[in-house]
Amino acid sequence: MNSSGSNEQRASFPPVVTAVICVAALYFARAVLVPISLAILLSFLLAPAVQKLERWHFGRTGPVIVAVLSTIFLLAAFGWVVGKQAIHLAGEIPDYRDSISKKIEAIRGVRDGGLGKAASTVNQLGSELSRTIETSSPNSQSQTGARTANGPSAPSSRETTRRPIAVEVVNNQRSLRALLGPLLGPLATIVIVIVFTTFILLRREDLRDRLFTIAGLNRIHVTRQAFGEAANRVVHYLWLQSLVNLCFGAVIAVVLYFIGLPNALLWGVLAGVLRFIPYVGTLIGAALPIILSFAIFDGWTRPLLTLGAFATLEALASYFIEPILYAAHTGISSLAILVAAVFWTALWGPVGLLVSTPLTVCLVVMGHYIPQLEFLSVLLGDKSVLATDVQLYQSLSAMDTDEAQRVIEQCLREKPLRDLYDSVFIPVLILVERNKRDGGFSGDRRGYLFQELKEIVENLAVRYTKENVQADASLPINAAEQILADRSANAPTISVCCLATRDEGDEIAGMMLAHLFLRAGYDAHSIALGSHADMLDEVGEQGCGILYISALPPFSISSIRRLYKRARSRFTKCQIGVGLWGYDGEVDNMRTLLRIRESDLIVTTLGDAIVQIQQFTELAARPS
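Just so you know, we're using our numbering here: the sequence shown kicks off at 453 and counts up by one.
Each hint should be verified, as a subset may be incorrect.
Using 20 Å as the maximum straight-line C-alpha spacing, the simulated SDA-like pairs for lysine to any residue come out as follows [unchecked claim]:
id : residue 1 : residue 2
1  : K1017     : V1039
2  : K888      : S1011
3  : K888      : D841
4  : K1025     : L981
5  : K504      : L757
6  : K1017     : H984
7  : K906      : L970
8  : K1017     : D955
9  : K906      : G982
10 : K536      : K504
11 : K1017     : L970
12 : K888      : H820
13 : K906      : E861
14 : K1025     : R1049
15 : K867      : K888
16 : K1025     : D989
17 : K1025     : E1050
18 : K504      : A763
19 : K906      : L981
Simulated from the structure, these hints should not be mistaken for laboratory data.
Predicted, not measured: the structure shown is a model, and the values here were computed from it.
Sequences and hints are given; from them, build the entire structure.
Right, here's the structure in full:
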């Protein structure tokens, strides 16, 4: 047993070594991995169309051939349009010689103006300073003296003799190779990508089954989920990006046409296609037409319009349209997109920049489903790493009221008020109580935090009253929420009181419970924190029929038992519920420990108390 364990330890590598090996493999195998990656992305993009054609009973091979040939046709058409427009532009450049000359003269005028004179003065001062340094150097003085003593050097016979002009015979094959050499590499990559894409589309089910087998048949369900989610995210991202870039290029072409820039179709096509390359592609697609507009147009109006058109459309697409469309389909943060672009570009060059986002999407999905790769989901994902209650706790601990309010508003947009109280506020109060017990909070900071939470609950009580109970009706309602019925109109009016066991944390929990009772239509009151005798006196003044005792962990068994005993002996006809918020143990054991009657209730969440209030109301309304 020991020998096998030692063998396993020797066979395993540290995570850093494994990461370095993987990165090195990606770099040195890029000649093979780049075409495969492009083929996989292209197959993802074409797979929906192939599946739709297969449903129309076109067979198995026919749809793949149609999809691949259509792709080749589109690439050829794009190359033909770009080439034709580029040749046309090259032929028209001599016609813009006058405008270019005027721009050069304008720039020269700026150079000859005040700024040019200042630059010339700086250059002269620098030259004089360098001459002074050279004159004061002893080496330069000795060299000057030697030249003076020897006299001016006479030109050598080799310099006076003219050298013959070398005649070079140009090899046509060599020139042709130099011309076609740069094109052979990309053409070969395109051919390899098309062949791989065709093979992947024809054997996609077989390849998927092989991936499932590699992952292990015992994890086939998880592998299927991960593969399906990654494929859906990548496909949706690619199609949405294609749609956005197509619209961007079309709008640019139309705008440049009305501005009067020649070859507007060429610049629109380039702008749309180059936007597939993050960051760099947009700059290249905008730089060429902007520079051309500055060169060919008289004045500065239309060049500035061209610059403004690109800046406005890019800002609209990048900061408004794409975040809305991509947020639900990529699942990666903006910083992760930037880091991934730098990383994959360093490994694979421009192609790495093109495939950086889809590859990062796959890594994030793998982090969701593979525990060993969970750190990828944490580092690259767009979801918050900290839970909402921890975020609120940190902001309140740092006395950052604005951040705390932002967290609350974000939570209210995603869940109803009851869930906010139960899943966020109660855990925050529990964290405060634990830090209070462990000595992690000073008295002033704990008091500030309790005061802020109390004010937040009071503001929510004003904001969410019985009259605007339907304000959050647009939120999805689950089954537990549906059984929360308002108080029946024919039910007797019974006062409900909530009082704390020990401190302000218990009081705030009671305030939240009273607020939920009020929203459900009950006459609820939150008793201010005080001594047990004073709080019970106020309960008696309210004529309370239902009483809830609020307690947060760590539970003080003696305080809860003493308060319950005094309330039970004083209000014999009152129904009493004990709220042990956040308690996850056996309720029956706690009932025995606290000596609570069977007719009284123990609840662990505010939602349970709200759901069971109807039962308490019926018991309290029965004649004794």
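### Query
Taking 20 Å as the top limit, are the C-alpha atoms of K1025 and D989 close enough?
16 Å, holds
### Task
For the pair we were handed, K906 and L970, check the Cα-Cα distance against 20 Å.
17 Å, holds
### Satisfaction of hint between R1049 and K1025, Cα-Cα up to 20 Å
13 Å, holds
### Message
Run the distance test for K504 versus L757: straight-line Cα separation, threshold 20 Å.
### Response
Violated, at roughly 44 Å.
### Query
If you draw a straight line from the CA of K1017 to the CA of H984, is it 20 Å or shorter?
11 Å, holds
### Task
Decide if the proposed pair is consistent with the structure: K1017 and V1039, CA atoms, cutoff 20 Å inclusive.
Distance of about 18 Å is within 20 Å: holds.
### Query
Does L981 lie within 20 Å of K1025 when you go C-alpha to C-alpha?
24 Å, violated
### Query
Can the restraint linking K1017 and D955 be considered satisfied, given a maximum Cα separation of 20 Å?
19 Å, holds
### Query
Taking 20 Å as the top limit, are the C-alpha atoms of K888 and S1011 close enough?
Holds, because 17 Å separates the two Cα atoms, which is no more than 20 Å.
#### Entry: 20 Å Cα cutoff - pair K536, K504
Cα-Cα ~35 Å, so violated.
### Message
Checking one constraint from the list: CA of K906 to CA of G982, max 20 Å. Satisfied?
### Response
At roughly 16 Å apart (the allowed maximum being 20 Å), G982 and K906 satisfy the hint.
### Task
Starting from K504, check that the Cα of A763 is at most 20 Å away, please.
Violated, at roughly 39 Å.
Hint compliance for this structure: hints 4, 5, 10, 11, 12, 15 and 18 are broken, all remaining hints hold.
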